[in-house]
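Required output: the full structure, derived from the provided sequences and hints.
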Amino acid sequence: MGYPHTPHERETVLLSKYFGDPEARTLDGWKKRGGYAALKQALGTPPGDIVNVVKASGLRGRGGAGFPTGVKWSFMKLDDGKPHYLCCNADESEPGTFKDREIMRWTPHALVEGCAIGSYAIGAETCYIYIRGEFTEPTLRVEKALEECYAAGILGKNAMGSGKTINIYVHRGAGAYICGEETALMNSIEGRRGNPRIKPPFPAVSGVFKSPTTINNVETLAAVPHILTNGADWYKQWMRPDNPKSTGTKLFSVCGNIQKPGNYEVAMGFPFKDFLYDLCGGPLPGRKFKAIIPGGISVPIQTVEEADASFMDYEGFVAQGTMLGSGGVIVIDDAQNLVKQIARAARFFAHESCAQCTQCREGTAWTTRILERIVAGEGTPEDLDTLLDIGENMTGKTICVLSDSCATPVSSGIKKFRADFEALIKKKKVHLVPAVA
Amino acid sequence: MSASDDPAYFRMHREAGDLRAPADASHGDHEHGPYTPVFTPGSARRKELDDVLSRYPTKMAALLPALWMVQHERGWVSDDGMAEVAQVLELTPAYVKGVVTFYTMYHQHPVGRHFIQVCTTSPCNVCGADNVVESFLKHTGCQELGQTSADGKYTVIEVECLGACGFATPIMINEDFVESVTPERVPEILSELE
Ligand SMILES: Cc1cc2nc3c(=O)[nH]c(=O)nc-3n(C[C@H](O)[C@H](O)[C@H](O)COP(=O)(O)O)c2cc1C
Ligand code: SF4
Ligand code: FES
Numbered sequence: 001m002g003y004p005h006t007p008h009e010r011e012t013v014l015l016s017k018y019f020g021d022p023e024a025r026t027l028d029g030w031k032k033r034g035g036y037a038a039l040k041q042a043l044g045t046p047p048g049d050i051v052n053v054v055k056a057s058g059l060r061g062r063g064g065a066g067f068p069t070g071v072k073w074s075f076m077k078l079d080d081g082k083p084h085y086l087c088c089n090a091d092e093s094e095p096g097t098f099k100d101r102e103i104m105r106w107t108p109h110a111l112v113e114g115c116a117i118g119s120y121a122i123g124a125e126t127c128y129i130y131i132r133g134e135f136t137e138p139t140l141r142v143e144k145a146l147e148e149c150y151a152a153g154i155l156g157k158n159a160m161g162s163g164k165t166i167n168i169y170v171h172r173g174a175g176a177y178i179c180g181e182e183t184a185l186m187n188s189i190e191g192r193r194g195n196p197r198i199k200p201p202f203p204a205v206s207g208v209f210k211s212p213t214t215i216n217n218v219e220t221l222a223a224v225p226h227i228l229t230n231g232a233d234w235y236k237q238w239m240r241p242d243n244p245k246s247t248g249t250k251l252f253s254v255c256g257n258i259q260k261p262g263n264y265e266v267a268m269g270f271p272f273k274d275f276l277y278d279l280c281g282g283p284l285p286g287r288k289f290k291a292i293i294p295g296g297i298s299v300p301i302q303t304v305e306e307a308d309a310s311f312m313d314y315e316g317f318v319a320q321g322t323m324l325g326s327g328g329v330i331v332i333d334d335a336q337n338l339v340k341q342i343a344r345a346a347r348f349f350a351h352e353s354c355a356q357c358t359q360c361r362e363g364t365a366w367t368t369r370i371l372e373r374i375v376a377g378e379g380t381p382e383d384l385d386t387l388l389d390i391g392e393n394m395t396g397k398t399i400c401v402l403s404d405s406c407a408t409p410v411s412s413g414i415k416k417f418r419a420d421f422e423a424l425i426k427k428k429k430v431h432l433v434p435a436v437a
Numbered sequence: 001m002s003a004s005d006d007p008a009y010f011r012m013h014r015e016a017g018d019l020r021a022p023a024d025a026s027h028g029d030h031e032h033g034p035y036t037p038v039f040t041p042g043s044a045r046r047k048e049l050d051d052v053l054s055r056y057p058t059k060m061a062a063l064l065p066a067l068w069m070v071q072h073e074r075g076w077v078s079d080d081g082m083a084e085v086a087q088v089l090e091l092t093p094a095y096v097k098g099v100v101t102f103y104t105m106y107h108q109h110p111v112g113r114h115f116i117q118v119c120t121t122s123p124c125n126v127c128g129a130d131n132v133v134e135s136f137l138k139h140t141g142c143q144e145l146g147q148t149s150a151d152g153k154y155t156v157i158e159v160e161c162l163g164a165c166g167f168a169t170p171i172m173i174n175e176d177f178v179e180s181v182t183p184e185r186v187p188e189i190l191s192e193l194e
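From first to last, the protein sequence lines stand for chains A and B. Each step along the first sequence adds one to the number in our numbering, with nothing skipped, and position 47 is 47. Each step along the second sequence adds one to the number in our numbering, with nothing skipped, and position 139 is 139.
Simulated from the structure, these hints should not be mistaken for lab results. This structure is a prediction, so every number in the text was calculated from the model and none was measured. All C-beta atoms in this analysis are idealised placements derived from N, C-alpha and C, irrespective of residue type, glycine included. Possibly wrong hints are sitting among the right ones.
Here are a few chain A residues that sit away from chain B, every Cβ distance over 12 Å (derived from the structure) [as the list claims (entries may be wrong)]: (1) Pro22; (2) Ala37; (3) Gln41; (4) Gly66; (5) Val71; (6) Phe75; (7) Gly163; (8) Val205; (9) Met239; (10) Gly269; (11) Ala309; (12) Glu392.
Here are the computed lysine-lysine pairs in the BS3-like style, where the Cα-Cα straight-line distance is at most 30 Å [what the hints assert, rightly or not]: (13) A/Lys199 with A/Lys77; (14) A/Lys288 with A/Lys273; (15) A/Lys77 with B/Lys59; (16) A/Lys164 with B/Lys47; (17) A/Lys164 with B/Lys59; (18) B/Lys47 with A/Lys157; (19) A/Lys199 with B/Lys97; (20) B/Lys47 with A/Lys144.
Okay, here's the thing in structure tokens:
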């Protein structure tokens, strides 16, 4: 549902069906709603078959990169004799994104069930749910759900009587956006600074505690029980007929200058224009949309024309100059100073850079300084070329893509909204030289 | 309004990482006062830590949880606190300090009884988050961001995205979220804190 609003008839509620329903938080309530039937079924199915169903469903990672989940799981070699780990990424810190928070607050058992099935499918006896430190309420909900599951024998040494061990633990973060990057997340679990690691080795070969590891987002794992219960074809009913690469439903978090911010769940391929105007109520009274960032602040900014022409799936957003990312839709209207907001975004990345890579450490800070100077009316015409040049040098050259993510809103902003930057630069204060008498 | 007319924009952006010790640190733990260990054998926290240790194949992995326990007990993580954690987990104090300084949520100085974090990242910023910060500074008597009020009651900082952007402006007071905060709601919110 369009939580916190009543659901819109054009939504497809699967993951968000019980948002706002406190009874769904309890084990009893969850079982009444069909919970843990999928896990029971999974524990009686060979792991390889589960991986195949997930592969066939077309489910792709909801954390940002959109990697096919079943394919990721198939990288885990079940007979290698090593301990395996599943890490659930609940660090949700991408500005504009607040969907995993609602999943954990309202349907913690959906996540626990997804984690348990995922663990079994990849041969892991241990799963860590890495929740950002600020999410105190979601953490309590998930911990309560885990407690209930251990008490009921759903988790532990003999999960649901299957003879399999499945342990799930919460690992609380402590304030660092970068810990959402999967290798930084593993370092943080190990008790280290959250610096991303150089790949290879990839996590499936050497991940947390040097063991084969799979990292999945909360929403990705929460979708798995539905797929198992209803089958791959059922999940694929939600897609554009001409785009089989994006399937299922997706939660979009909507924020910024819009009538009804909140979480909305729609079928992949939903028309973005209808979404913004029908479901989310369009712009605030007397205002107009100016720019849209549809996938969290790390993806390119769209003009209103691009947004109106987009379909809400991985390929649909790429076709209109941006990416689906995490599904965090940020709406900026004509009452805002767009350049100031881009400067604020750059400051975010400068603050969150882990500072290992020169291009990122220096580039994020330099970009921020230049942008803030422009906002203060001290910009020069060369600044825009300098920013684009720095952006190029920050892209594709670092250990992780935080560096690229900082360059993205800046470069796309300059390319698509150059006039806004130039207007601020033209307003530059002129130092008058007194005429010599 | 252009940003150059916007006074909030020029304010020092000070965030959790660079908090200063307040002039009067009498609330909470003394920076140089005697430190009471948190993980004494047989204590509840020691038991909790042992339980945490059983979840991981290495001792080091219990570092973040152990630091949280110290902060919950003492209000902040002092050098002595880090030394105790280092000893219990068989790490060096320097290593522990390296980790503590990476994460913004561990307080390396005592903070006000009510530690108030206001999100000002772009999605909240377009909804007026800067005005919420101004209002908190005004009504708490904190002179600037990161400083603790003279009575030791409040510390106000800006924080990056709290993951609740649809409820602009979200704030955190210690471990609690308050959503959809407007400058006008600030006095009422403060009046509910003792
Ligand atoms: C800087 C950075 C921050 C990230 N933050 C998150 C996050 O908060 N949550 C998340 O699920 N993925 C995040 N990711 C993506 C993860 O690295 C990873 O791709 C994802 O968790 C994999 O899960 P999925 O395949 O289910 O999407 C981030 C990536 C980068 C580079
Ligand atoms: S790109 Fe930035 S955040 Fe990523 S590893 Fe390098 S310095 Fe750290
Ligand atoms: S930007 Fe304020 S909570 Fe996300």
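Each hint, compared with the structure:
1. Every beta carbon of chain B lies more than 12 Å from that of A/Pro22, the smallest distance being close to 17 Å; the non-interface claim holds.
2. Once the 12 Å rule is applied to beta carbons, A/Ala37 is consistent with being away from chain B; the minimum gap is 28 Å.
3. The non-interface label for A/Gln41 is consistent with chain B: the shortest C-beta to C-beta separation is roughly 28 Å, beyond 12 Å.
4. Distance to chain B confirms A/Gly66 as a non-interface residue, since its nearest Cβ pair spans about 20 Å, more than 12 Å.
5. Residue-level check passed: A/Val71 sits 28 Å from the nearest beta carbon of chain B, beyond 12 Å.
6. With a least beta-carbon separation of about 21 Å from chain B, A/Phe75 lies farther than 12 Å from that chain, consistent with its non-interface assignment.
7. The beta carbon of A/Gly163 sits about 21 Å from the closest Cβ of chain B, which is more than 12 Å, so the claim that it is off the interface holds.
8. Every CB of chain B is more than 12 Å from the CB of A/Val205 (nearest about 17 Å), matching its label as outside the interface.
9. Look at A/Met239: its CB is around 26 Å from the nearest CB on chain B, clear of 12 Å, so calling it non-interface holds up.
10. Against the 12 Å criterion, A/Gly269 stays outside the reach of chain B, whose nearest CB is about 23 Å from its own CB.
11. The beta carbon of A/Ala309 sits about 23 Å from the closest Cβ of chain B, which is more than 12 Å, so the claim that it is off the interface holds.
12. Listed as outside the interface, A/Glu392 is consistent with that label: its C-beta sits roughly 23 Å from the nearest C-beta of chain B, beyond the 12 Å cut-off.
13. The suggested pairing of A/Lys199 with A/Lys77 holds, with an alpha-carbon distance near 19 Å, which does not exceed 30 Å.
14. For the suggested pair A/Lys288 and A/Lys273, the alpha carbons sit about 14 Å apart, so the restraint of at most 30 Å is met.
15. Taken as a hint, the A/Lys77 and B/Lys59 pair is honoured in the structure, with Cα atoms around 27 Å apart against an allowance of 30 Å.
16. Simply put, A/Lys164 and B/Lys47 have alpha-carbon atoms about 27 Å apart, close enough for the 30 Å limit, and the pair holds.
17. Annotation: proposed proximity of A/Lys164 to B/Lys59 holds, straight-line Cα distance about 25 Å (limit 30 Å).
18. For the suggested pair B/Lys47 and A/Lys157, the alpha carbons sit about 21 Å apart, so the restraint of at most 30 Å is met.
19. A hinted pair counts as satisfied when its Cα atoms are at most 30 Å apart, and A/Lys199 with B/Lys97 qualifies at roughly 27 Å.
20. Of the supplied pair hints, the one linking B/Lys47 and A/Lys144 holds, its CA atoms being roughly 19 Å apart against a limit of 30 Å.
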